[in-house]
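Engineer: Residue-level listing of the chains:
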Amino acid sequence: MIPFTLEKARNAEQAIAAAAAGARYIAGGTTLIDLMREEVERPERLVDINALPLAEIRVENDVLVIGALARMADVAAHPEVQARQPLIAESLIEGASPQLRNMASIGGNLLQRVRCPYFRMLDAPCNKRDPGSGCSALDGLHAGHAILGTSDHCIATHPSDLAVALVALDVTMRVLGPQGERSFPVEDLFRLPGNAPHLEHTLLPGELIIDVQVPAGAYSRRARYLKVRDRASYEFALVSAAVALDIEGGQIRQARIATGGVGTRPWRMRAVEEALAGKPPQRQAFEAAAQLAVREARPLRDNHYKMELLPRTIVRALELAGEVA
Amino acid sequence: MTTRVIGKPLPRVDGRAKVTGSARYAADFNQPGQVYAVIVSATAGLGRIAGVDSAMVESMPGVIAVITHRNAPRLPYGEHKSYIDPAVGERLHVLQDDRVRFYGQPVAIVVADTLDRAERAASSLKLAYEAERPIVDPADPTVEAIVPEGARHADTSRGDADAMLAGAPVMVDETYDIARENHNPMEPHATIAAWSGDRLTLWSKSQFVVNEQAEIAAIFGIPPENVQVICPFIGGAFGTSLRTWPHVTLAAMAARQTGRAVKLVLTRKQMFFTTGHRPRTLQRIAIGANADGRLTSLIHEGAGETSRYEQFTEALTSASGYIYSCPNVRTRYRLRQLDIGTPNHMRGPGEASGIFALECALDELSYSLGLDPIELRRRNEPEIDESDNKPFSSRSLMTCYDVAAGHFGWSRRTPEPRSMRDGRLLIGMGVASATYPAYHAPSSASVRLLPDGTAEVAVAASDMGPGTYTSMTQVAAETLGLPVEQVRFSLGRSDYPPAPSHGGSWTMASVGSAIRAACIAVQEKAVRQAVADQRLTVFGGAVDAIEWTGGRLRRRGDPSPGQSYGDIVSSLGKPIEAEASSQRDPDVAERYSMHSFGAVFVEVAVDPDVGTIRVRRAVGAYGIGRVVNPRLAASQCTGGMIGGIGMALMERTVLDPRDGRPVNAHMADYLVPVNLDIPKLEAHFVEEVDPHVNPLGVKGLGEIALVGMAPAVANAVFHATGKRVRTLPIRIEDVLTV
Ligand SMILES: Cc1cc2nc3c(=O)[nH]c(=O)nc-3n(C[C@H](O)[C@H](O)[C@H](O)COP(=O)(O)OP(=O)(O)OC[C@H]3O[C@@H](n4cnc5c(N)ncnc54)[C@H](O)[C@@H]3O)c2cc1C
Ligand code: SF4
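Chains as they are written, first to last, in our numbering: chain A, 1 to 325; chain B, 1001 to 1738.
Since the hints were derived computationally from the structure, they do not count as laboratory data. Note that CB positions come from ideal geometry on N, CA and C, so glycine has one too. One should not assume that every hint holds.
If you want the footprint, here are the derived chain B segments under chain A, 3+ residues with CB under 8 Å [claimed, not checked]: (1) 1111-1122; (2) 1656-1667; (3) 1675-1689.
Rough simulated footprint, nothing fancy, chain A against chain B, three-plus residues with beta-carbon under 8 Å [to be verified]: (4) 1602-1612; (5) 1719-1733.
Selected chain A positions facing chain B (in silico; Cβ < 10 Å) [stated by the list, open to error]: (6) Met1; (7) Met103; (8) Gly140; (9) Leu226; (10) Val228; (11) Arg229; (12) Asp230; (13) Glu235; (14) Lys306; (15) Val315; (16) Arg316.
Can you make the complete structure from the sequences, with help from the hints?
Structural biologist: Spelled out as structure tokens, the structure:
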């Protein structure tokens, strides 16, 4: 590990000032310390934000507000989260391991780095780690990599499960920075790799995530997160789908679908959603619509199976959501 | 009144030490003034080191030494080979030349005053390579299959298997590809090395301390008695610590160069480089049968990968010669040499891979014949071991099938693929046989009777988790007639009486028999001394008129309580000691074929939409001779079954073809089963008395517990889905399309 300084922020102003001067925020540390141990991340200065009052989970005018420092385990177990936004609870429980969920924060989860193995290996070219060095996965092994939103510079998937759920639910995030506060959809946090895969998100220098705000919708409770992987727990998704359905009178009024494990960012499936509007919540309609999910996909040698697995995962998640009473 | 402790489900005698943290593993033996070494691993897969720039690193804070091939001492590397080393080839000589033979080979070692500084320095060391493209895929068409020089049975044949196959009414002819696996025990490899003059002490994770002692002595050109290896506890190994790998040499080298005690712990990533692995294997099985299911021909051809510098062999095809009755059998075993580190034994070595292919093919045959897979095996149950025309010392395969089938509820199975469901899930039930040789290697043991009536037993054996401490205590207690609390058993020091390697399921047979022999010897000695001791009641008695019962000595027929070990030792004024050895009677070995057998049943559920495969339950029944401790045996079995589930559905080390690097050398990416993957696992032991294998009548269990699991899973996956997958691990993408 490369030497660094660590300071503890007592309030947001202090934290933001430190970050604006080049410090990195540290919350649970489960991404950051891990990558610092491997010398992939090399911050010289860390500012510990755990003392800030940002761990609260509350409901304001029907909007569920989750503080950026709330722990994955606490959010997943929270009765308001489970009752109002079960999709969020499920996406959290399906992620990482109990030990990690006890440490890991919501803000950190959204900003976790990719799981591409070459990203972690300092002796392998990686545009995301060392801009311009090349992409080892493209001609190398990439069974776990993305089929959507890829570029010739990077094909890594965004690994967060929570982010998939938040993107499906049109969640807004609030950030505070040297220039003040702003809010924007979580979906806008994530950049496509394009020709600059080292730029992963749209936060401005020094901006601190304060909370995420989950609006209530008619679809919120008929919602499921399905994560498909080779072992039953403690593995990132091969493919995942977050689905929320508003069903009325035997017809889908509105479907919200986002997928993980397939895109370079959490991938909202708007074409599938539109195709489902007005249809009966039945398998035939699900299957027809799910085919649209791979219309623009670009599979590579090793990840062709995702072309098959993605629509199937969406179909199954839709079925599961449809079964919710 | 004898104390029956063999066969009792005793809890682990070392359980408290382990759960309270007082059990000390290799890396726990911190030494005064100790410094830290970190290995630098090659980042090229083949070629040579073209340049080393160590000046900057040498001046980093705390750095004590930077050792590369340029400044490393030239070590004698005296000749040394044990049966655990490949018979052909020469071990990797570390830091002795500029050659890079495989990705991750140690190319430097950095020593510093703290671990953190050593890590920093190691990652800052710059090496330049002249790199070539390695070949790491055994299926690469340019890779030649060679006949292993050392293997006893590279080619075997009886009858004319090829001709009979061609004319067989029913046949199966398929190929199988099993991925490379790394052992990945919880405890990393670790060595602390300290020299005192030309004497070296190694606190080092090892399943074979006396071999580590001999090997390091040979490498450094010092007498073996100058090397002491200490390893009282092992946090899992599965075979990876059978050999003495380069890091042990490096720790000793660094300690000698710096004149300090040196601690060296491998990272998880480094455990994918130089500490062995289950070789990837490519196999072909062809079976011909009559319409009634009797085998007429069996061909088993297999090749395992090995390194370019050593020929690692395992018993990939040997079970095909004896497990079933078949007049025409041909086996062929080959090696494919690659630019990789040498593989080594991993739990169930050879059989686990070979039996996978055979038992999957047999399952296919059962479908071609329309015959129940258990019935198929019943029809081919041999009278004797037909590979060498010897009777089995004991064989309970069909009893195992009957017992396990009953517990599993096999009769509820409908044979048609995709015919069983639970809601929307496809249910599959599969079976497979398991077998593993019942070995017995020479071992010694010592016993000391102390004045307080207790006994100390010592052997240079190991306990990587099966419960050696406990089972050996039971053997000693029962033989001496003492309560287990009065027996203290020690292992894991190279100056104890020598034991064989802790693998091959022979520890119970070998070490247990030696302990039994030593206990009998010490009793005989005690009797001889007691009858010569005027202060004892047995004084003057004839040696053969004296007997031990319940840990007490008396003249035969004498109703008095007699005298305890403590009385005799106290009277004598010093402990009574004896050492004894045991090995298999060569006559018996000549006359019998000795193997354990088992039957494994598995139920899987496959999601028809997304292809997830989950094992829902597994039942195994095993004929392993006498069970010394049923609680430990059950635990051994569930551990092996879990390893088998890993082999079937998760474990594989993926190498990048461009430079041979393992891309998933990380516990988040190298999948092993987690709790949620493991359902209820049941192990049953059939009653089996085998008077031939060894005096204890035990056949060993650790290895066979893994064998058979993977084919049972694969056969269950076929039953569930109708999709026959002949590669391991079986993954979602393999069953997505039927
Ligand atoms: C082995 C393993 C398995 C995992 N499996 C999964 C999985 O299956 N699914 C899944 O979704 N995740 C998984 N994770 C990722 C895990 O969820 C994240 O590591 C965790 O959520 C990160 O949170 P943290 O608080 O520890 O972040 P930290 O490591 O503290 O920070 C991560 C990043 O976020 C920044 N940051 C943190 N908080 C803020 C804030 N409030 N404002 C601005 N920036 C901030 C930090 O500067 C840093 O760049 C896994 C992780 C590991 C190590
Ligand atoms: S896919 Fe992205 S993260 Fe992976 S090697 Fe290529 S650039 Fe790096």
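Engineer: Run every hint past the structure and note whether it holds.
Structural biologist: How the hints compare with the structure:
no., hint, result
1, 1111-1122, "holds (count 3)"
2, 1656-1667, "holds (count 6)"
3, 1675-1689, "holds (count 3)"
4, 1602-1612, "holds (count 5)"
5, 1719-1733, "holds (count 4)"
6, Met1, "holds, 7 Å"
7, Met103, "violated, 15 Å"
8, Gly140, "holds, 5 Å"
9, Leu226, "holds, 7 Å"
10, Val228, "holds, 5 Å"
11, Arg229, "holds, 8 Å"
12, Asp230, "holds, 5 Å"
13, Glu235, "holds, 6 Å"
14, Lys306, "holds, 9 Å"
15, Val315, "holds, 6 Å"
16, Arg316, "holds, 4 Å"
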